[in-house]
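Asker: Listed below, chain by chain, are the residues.
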Amino acid sequence: MSILVYLIPIALMLGGLGLAAFLWSLRAGQYDDLEGASWRVLDDD
Amino acid sequence: MSCCVDADSVIALASDSKASNEEMLLASRPLGNGLRQVDLSVPAVHCGACIVTIETALKALPVVESARVNLTSRRVSCVWRESVGGQPSDPGAILDALSGCGYRGHLFTAAPEADDKLRMKLLQAVGISGFAATNIMLLSVSVWSGADAATRDMFHWISAVIAAPVLIYAGRFFYASAWEALRRGRTNMDVPIALAITLSYAVSLWETIHSGEHAWFDATVTLLFFLLIGRTLDHIMRNKARSAISGLARLAPRGATVLEADGSRRYVPVEDIAVGERLALAAGERVPVDAKVLTGESDVDMSIVTGESRAVTVTPGSELKSGAMNLTGSLVVEAVATARDSLLSEIIGLMEAAEGGRARYRRIADRAASYYSPVVHLLAFVTFLGWGIFGGDWKQAMLISVAVLIITCPCALGLAVPVVQVVAAGELFRRGIMVKDGSAMERLAEIDAVAFDKTGTLTMGRPRLVGSGTADAQALSLAAGMARHSRHPLSMALARQVEAPPADFETVTEIPGAGLEAKRPEGVYRLGSPAFAGTAKDEDSGARSSVALSLDGRELARFFFEDTLRPGAQGAVAALQGQGYATYILSGDGRPVVSAMARRLKIDGWFGALTPKDKVEVCEGLAAKGHRVLMVGDGINDAPALAAAHVSMAPASAADVGRQAADLVFMHEGLEAVPAAIDISRRAGRLIRENFVLAIGYNVIAVPIAIAGYATPLIAAVAMSTSSLIVVSNALRLGRLSRKADKATEAARGPATGTLPDAMRTVS
Chain A
0 MSILVYLIPI ALMLGGLGLA AFLWSLRAGQ YDDLEGASWR VLDDD
Chain B
0 MSCCVDADSV IALASDSKAS NEEMLLASRP LGNGLRQVDL SVPAVHCGAC IVTIETALKA
60 LPVVESARVN LTSRRVSCVW RESVGGQPSD PGAILDALSG CGYRGHLFTA APEADDKLRM
120 KLLQAVGISG FAATNIMLLS VSVWSGADAA TRDMFHWISA VIAAPVLIYA GRFFYASAWE
180 ALRRGRTNMD VPIALAITLS YAVSLWETIH SGEHAWFDAT VTLLFFLLIG RTLDHIMRNK
240 ARSAISGLAR LAPRGATVLE ADGSRRYVPV EDIAVGERLA LAAGERVPVD AKVLTGESDV
300 DMSIVTGESR AVTVTPGSEL KSGAMNLTGS LVVEAVATAR DSLLSEIIGL MEAAEGGRAR
360 YRRIADRAAS YYSPVVHLLA FVTFLGWGIF GGDWKQAMLI SVAVLIITCP CALGLAVPVV
420 QVVAAGELFR RGIMVKDGSA MERLAEIDAV AFDKTGTLTM GRPRLVGSGT ADAQALSLAA
480 GMARHSRHPL SMALARQVEA PPADFETVTE IPGAGLEAKR PEGVYRLGSP AFAGTAKDED
540 SGARSSVALS LDGRELARFF FEDTLRPGAQ GAVAALQGQG YATYILSGDG RPVVSAMARR
600 LKIDGWFGAL TPKDKVEVCE GLAAKGHRVL MVGDGINDAP ALAAAHVSMA PASAADVGRQ
660 AADLVFMHEG LEAVPAAIDI SRRAGRLIRE NFVLAIGYNV IAVPIAIAGY ATPLIAAVAM
720 STSSLIVVSN ALRLGRLSRK ADKATEAARG PATGTLPDAM RTVS
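Line order of the protein sequences matches chains A and B.
To convert, note that position 7 of the first sequence is 6 in numbering that gives the first Met the number 0; the numbers rise steadily by one, no gaps.
To convert, note that position 155 of the second sequence is 154 in numbering that gives the first Met the number 0; the numbers rise steadily by one, no gaps.
None of these hints come from the bench; they were simulated from the model.
Heads up, a few of these hints could be off.
Here are the simulated lysine to aspartate or glutamate pairs, EDC-like style, with alpha carbons at most 16 Å apart [as the list claims (entries may be wrong)]:
no.: 1; chain 1: B; residue 1: 120; chain 2: A; residue 2: 31
no.: 2; chain 1: B; residue 1: 518; chain 2: B; residue 2: 498
no.: 3; chain 1: B; residue 1: 739; chain 2: B; residue 2: 678
no.: 4; chain 1: B; residue 1: 58; chain 2: B; residue 2: 89
no.: 5; chain 1: B; residue 1: 116; chain 2: A; residue 2: 31
no.: 6; chain 1: B; residue 1: 518; chain 2: B; residue 2: 505
Please take these sequences and the hints and turn them into a complete structure.
Answerer: Structure below.
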């Protein structure tokens, strides 16, 4: 069971990474204009 | 130009009054380095082509540094330079460029920053509690699948460590709100929530310390996660509507040109205008504060103030109310009140007094909670006593009663209302109807009577040419040519509706209160009131206005105008009556006009010549008779009644105050929005009740299991998630159902008409 000593911190860290990414994207305004983003992807320039 | 805007609307926009450079300057905030940012609300933006059109057009301007369209909030954020090539720049060009490609831009008042911050905080809390919930669930699953002894204890400890900060950080919204309710001696949905998460955490921690078998950390945090989703959805819905509505906030004017004693002119914000100051008011501007005319003559459109649709002629000495629009001549006026004491503020006072009734309304969720939480708490307490007294083991009694609390915690109830309302609000938004908050939808589902304002609501508030007598093509072309030179509503209707190519006139002079005059080799043409044109008086004026065209006093043509019915008015009234709603007209306009309108639309009851206060009294009178009234109105004079009614709606063309007072705002021109909104709200109400039944049904099954002591953390987790999923999927049915209904009506009626830019044309 000693493998848990590594696995649990790794699992938490990966989760934390996801959380950090979410918080960053929230603060960076990635969710401010979801409708606009879905149109802009079709724009050529 | 884009797919979304027709040429017609570009022309209509071009002829409208726009915000001046000074207004743009007042509305934008400095960024430093000679740059300023202005946020414009552009309600007509609705697809990718719009984004490209607007951004390309704006970036082409030398004054613009950068421009970005936000399609969600329908705003354009534009950074502009204060000077271009050493010259002070012309930010008005931004609005011109916008209307050049067919979109109307509005300046709007300070952005609701605090709301954005709360949204951000809620989303962060959702993210963090979601992170905690998944990780704790991971550990819990290991425990359930057989981890025991030291491993189980370790997993419990890790869970406890993850859950504690999350409970404080993400749970603070519920604690604060529950505390607020308890302090006032009330109870709301958040009280059982706060209690359940606290108790379950405390008991789980105690179990963990004593190496117990069952810990509820996963239930605690998952509960928090689900409930926060509900809370966030509720908030975002409100926020979305508010930003769209305040975004429209078009100018009660921001400023006015003050004439100093030495003759110089100065542009000052409305709030700084003092009593006794002289203001210059050009044609096409709104009256900033209550004022008295000093010099000049003009026609003034008071419709937004009085509901009276015809323009009023003013001469030196006449009083003007703030919000009225100066149409034809330049005026110099003297302020007789500050902005704070002007009519607008009086109206706001009336509104605040009228709002008492609405503040007493309690949301469905809170009403449900007021029955639900005492029952739940009693049940848990009785379980505790029962197991303690008859089982003799108080520790086990505690564990079981906490299990009861967790199982009954209104997770599904907490989602039952917001999810339905968010789906319903989205559905309404798709049809161009904005809801300010969920309670508006709940109240809308309860109404049994609908009261309409006349001018601007049942009608468009702008005249339409309904007859041109015996006029020949030449007379029509002459009339249209002259009318093009005036901003008077009748002239504008004439210029808009006559199809003959307008004749060219070099100079047309406007005589305020009378009409237009133009000299040509063949004589003097006059277009205006029959008296002014020098022809016979009207035989029957009634609800119609007439304008005569004459050459040297000889009548060439006569035109009749009527206020246009709002499209769909007839159908909407018929639909409402078909569903058994009583209908009324409450108007400030004269009685004969109102009764004619009532007959025409077959409306049950009408009240004419009402002051704003009378309207409130009529609303309260109906309420006293046990009616729940939906008030639909647009003017400043309707605002108190909008606030007093059980629930209220306003068109997007409404006055600022009207829109602020209304619970719902519809963006399209058609009045069909009223029955549509009622329909969707009622359907949402039905789904909410269904959800309550589902949630309570779940409790009826799960609670006996918990009381009997069989609820393990695993069962609780499964039961809670299932009930939440059922409630959410039931809520999503609303969107599917109405899309089906849409397809059915579209197939029957052909493609929808009435584009958004069209509706926006009337906003000014």
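Asker: Decide, hint by hint, whether the structure agrees.
Answerer: Status of each hint after checking the structure:
{"no.": "1", "hint": "120(B) with 31(A)", "verdict": "holds (14 Å)"}
{"no.": "2", "hint": "518(B) with 498(B)", "verdict": "violated (23 Å)"}
{"no.": "3", "hint": "739(B) with 678(B)", "verdict": "holds (14 Å)"}
{"no.": "4", "hint": "58(B) with 89(B)", "verdict": "holds (14 Å)"}
{"no.": "5", "hint": "116(B) with 31(A)", "verdict": "holds (12 Å)"}
{"no.": "6", "hint": "518(B) with 505(B)", "verdict": "holds (9 Å)"}
The structure fails to meet hint 2 from the earlier list, while all remaining hints are met.
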